[in-house]
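Participant: If you read the protein sequences in the order shown, they are chains L and C.
This note's numbering numbers the first residue of the first sequence as 67 and each following residue consecutively.
This note's numbering numbers the first residue of the second sequence as 67 and each following residue consecutively.
Check before you lean on any hint, since a few could be wrong.
Said to hold, decoys possible - Listed below are the simulated SDA-like cross-link pairs for lysine to any residue, each with C-alpha atoms no more than 25 Å apart in a straight line:
| no. | chain 1 | residue 1 | chain 2 | residue 2 |
| --- | --- | --- | --- | --- |
| 1 | C | K481 | L | L486 |
| 2 | L | K93 | C | L406 |
| 3 | L | K481 | C | L406 |
To be verified - Which residues of chain C face chain L? A partial, calculated answer using Cβ under 8 Å:
| no. | residue |
| --- | --- |
| 4 | A128 |
| 5 | G229 |
| 6 | T230 |
| 7 | E385 |
| 8 | D386 |
| 9 | G388 |
| 10 | L391 |
| 11 | G420 |
| 12 | L465 |
| 13 | G475 |
As the list claims (entries may be wrong) - Here are the simulated distance ranges between beta carbons:
| no. | chain 1 | residue 1 | chain 2 | residue 2 | range |
| --- | --- | --- | --- | --- | --- |
| 14 | C | D438 | L | P360 | 48 to 58 Å |
| 15 | C | L70 | L | T218 | 50 to 60 Å |
| 16 | L | A329 | C | L387 | 38 to 48 Å |
Treat the hints as calculated values from the structure; they're not laboratory data.
Built from N, CA and C at the ideal position, the CB exists for glycine as well.
There are 2 protein chains.
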Amino acid sequence: MPNLDTIRSLFYAKSVAVVGASANPSKTGYVILKNILEGGYAGAVYPINPGSESILGVPCAASLGDVPGAVDLVVIVVPARAVPDVMRQAVQKGAKGAIIISGGFREIGNAELEAEVMAIAEAGGIAVIGPNCQGVNYLPNKLCASWPLIETRGAMAVVSQSGTIGAAMGGWAAEDGLGVTATVALGNNSGVPVIDLMQFFAQEDDVRVIALNIEGVRDGRQFMEAARAVLQKKPLVLLKPGRTAKGAEAAQSHTKSIAGSDAVFDAACRQIGLIRAEGIAEFYDYSKILSLLPKPAGRRLAILTSSGGSGILAADVAEDLGIALPPLGEEAVQALREKLPPQCVLANPLDLTGDATADRYRVALEALSAYDVADCFLLIFGDPIAGAAEMADAVRQKLGKPIVVAFLGGGEVEKQEVPLLIRAGIPAYPTPERAVRAIGALLRKS
Amino acid sequence: MPNLDTIRSLFYAKSVAVVGASANPSKTGYVILKNILEGGYAGAVYPINPGSESILGVPCAASLGDVPGAVDLVVIVVPARAVPDVMRQAVQKGAKGAIIISGGFREIGNAELEAEVMAIAEAGGIAVIGPNCQGVNYLPNKLCASWPLIETRGAMAVVSQSGTIGAAMGGWAAEDGLGVTATVALGNNSGVPVIDLMQFFAQEDDVRVIALNIEGVRDGRQFMEAARAVLQKKPLVLLKPGRTAKGAEAAQSHTKSIAGSDAVFDAACRQIGLIRAEGIAEFYDYSKILSLLPKPAGRRLAILTSSGGSGILAADVAEDLGIALPPLGEEAVQALREKLPPQCVLANPLDLTGDATADRYRVALEALSAYDVADCFLLIFGDPIAGAAEMADAVRQKLGKPIVVAFLGGGEVEKQEVPLLIRAGIPAYPTPERAVRAIGALLRKS
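In isolation and in its complexed conformation, chain L is listed as follows:
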């Protein structure tokens, strides 16, 4: 698969030139250069700007041709009309990849200019991301040719037509302590095909889930075939807005995507096991759980909660999704009765009540670990429960089943515990409903 080598040489570039680098902090050409430098990229970095001696302390070259060393990757931020010339220089310089941030091409009717650029790149053997995109952040190479700068490395590869949706995914993942392997913005997506990017991430060891946001596919059958192959290796979460007539109309003006029938597309997704997210929050939530947990052995869920009300909210969504909340069974209830204080409600949800500590969860989980009560556990921490992460991490092995957490109403303690949970590989969500819907997505894994 030669395309994958091309992508690899783009993402693992040993030297990067930023054409259109700027000393003005409000310019994209400044932000990108700064993020590459601050992200800890170990290769050579060359700002290109004929009007500057140096930017951010790095010597500038007037053009690509003036760069002293080799240039593997060219990041292009100059106005659209100047891009064909830059691409010619990139070919001469022997670059292997180009990320075209600049807009002003097909999306505003300049299809010919875009075709010209792509023809030069193709003839010169340059793999292109973009144009009209928010760039690439590839953490295994510490190469953030994008914004914002996300440095937390995780197991989620985000491939997103929308730069904003990719940036939001990266931002939430950084804040959660979850991290990403990569965010790749597609923009007009005239170069490296989406299918090739999916295949590339499918065979990268780091990646446990591919999160794909697209507004349309050129060839539905080809896309589904490729997705099916990818799904043999990795789960694939898809956010494809434009479900409705109004949304499809907006998608058409945005990236000139042809949405086609959403119902037909949706049915095809279900058939091959592609997990479609209803909205951007679910896109993140589903990708998070799939980057951390294996699929449970069955659909039985046990809920432990310090908040009765939150347990009910979780039970409602579980029933909506056909996730079973089986009774715990007489023996398990008897074991819990011996260990827990009398106010606890020994059912499923198991209500440990408002004065529950992390230790009460541990006692209950250890007691339950002797019985086959469920395939997956949801722990709802509905109070400032200190030590929740440490407890859940410690009890996990004994339990031998996936654990998911909802943490809410916990003030400062919650803010400390949530990233600890996630870094321990336990997905945590801010509401019971989001946690249960994420479990629903995990159960849809192939």
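Given chain L, work out where chain C should sit, using these hints.
Facilitator: Same frame as chain L, but now just chain C:
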């Protein structure tokens, strides 16, 4: 309405005793006392604990009878079996209100003990919140007899059967800069009826929305009649979990609530204009928008976005909810064409594209203000757009229509701008979908 006076004297208590105050930071009796002191309560505070000289620097009394001054409000944190005696002392002391945090009553089968306590209180003219509850935070009196300590004062009154759901609402409101007027936890709700609390907040000038979380109602007809009267004055957002059979079963074990038919209840809510939230996130989102904005004059929405993809997600949800996205009209489009750069997509959603600044939004909104294009505006900031809050606040008056914001993918700038927006009275949401659903709730206002 004498009940309202009773509630007022409870919330505006000039002196508070915490019976069961503790010097152990892991105890509720410590946390409550600390929050009352740190919240800036101006009245007299009396920790009651026979084993301590002073707690948190405040002199202790051995019992309520030993308190030198008057005690308006008694907060009770001692074990259930000791509560009748404390209540007798409270009556002797002339207290007007009691908040019973302690659990161990009806919810675990001790209905007789609870009845005994309530009979003492009733005979002594004491209004009771609880038992088995997370207390009361009443910001106009800076009285946080609850946890966590929320000090940001807003226009939302939260009345919540679940302490956790109330705490989550308060926590999110504080983080957002939105604030609350009060959070009142109901617990077993054996004292002051929910209906009275609704009526009290309906006539408080500070309050612009009442957020009510209950698991069941004793008398559906009476509740709906009271809610209808409240809705003449204030919007009422309801979260009532237990929609499904499994959820209703969990609600039954939690607070012994009789859920009744959810479909019948739901239909009654719709009939009287009560806005029901589907889950806890919507409970917050709907209460937020209703505490900040009036109802738009019609169902026409105009969307301005820097992120085409986010605009499509918003358009999808708008169509789901029957919110119209009308064309902007030829004249308005012409005006925009003269003012905006050529890459902008002059439709609804209006795509200002990825390099949009706050000033480009201003230019577009000022141009649109001359035409009657919509009844409400959604601004999606899908990038680190500095100055977004200042711009939106400044342009609002010229526009003369409600503005709602979705901010995502904005990194550090987003974290700075969101509380600024909310403090300026502009509701901001982390996803386009949540923003549009909130607008849907605003349109359901009576």
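Participant: A separate judgement is required for each hint: does it hold in the structure or not?
Facilitator: Do the hints match the structure? See the list:
1. For a cut-off of 25 Å, the pair hint linking C/K481 to L/L486 stands: about 21 Å separates their Cα positions.
2. With a C-alpha separation of about 19 Å, the suggested pairing of L/K93 with C/L406 holds against the 25 Å cut-off.
3. Note on L/K481 and C/L406: the hinted pairing is violated, with a Cα-Cα distance of about 42 Å set against a maximum of 25 Å.
4. Because the smallest distance between the Cβ of C/A128 and any Cβ of chain L comes to about 25 Å, over 8 Å, the interface hint for this residue is violated.
5. Taking 8 Å as the C-beta cut-off, the interface hint given for C/G229 holds, the closest approach to chain L being about 6 Å.
6. Checking C/T230 against chain L: minimum C-beta separation of about 3 Å stays under 8 Å; hint holds.
7. Nearest Cβ of chain L to the Cβ of C/E385: about 4 Å, under the 8 Å cut. The hint holds.
8. The restraint placing C/D386 at the interface with chain L holds, with a minimum CB-CB distance near 7 Å, inside the 8 Å limit.
9. Annotation: interface hint on C/G388 violated; nearest CB of chain L at approximately 11 Å, more than 8 Å.
10. Because the smallest distance between the Cβ of C/L391 and any Cβ of chain L comes to about 6 Å, under 8 Å, the interface hint for this residue holds.
11. A hinted interface residue such as C/G420 counts as satisfied when its beta carbon comes closer than 8 Å to some beta carbon of chain L; here the least separation is about 6 Å, so the hint holds.
12. At its closest, the beta carbon of C/L465 sits 22 Å from a beta carbon of chain L; the interface hint therefore is violated under the 8 Å criterion.
13. The closest approach between the C-beta of C/G475 and any C-beta of chain L is roughly 3 Å, which is under the 8 Å cut-off, so the hint is satisfied.
14. Between C/D438 and L/P360 the beta carbons are some 56 Å apart, a value that agrees with the proposed interval 48 to 58 Å.
15. The hinted window of 50 to 60 Å between C/L70 and L/T218 holds, with their beta carbons roughly 52 Å apart.
16. At about 20 Å, the CB distance of L/A329 to C/L387 disagrees with the hint of 38 to 48 Å.
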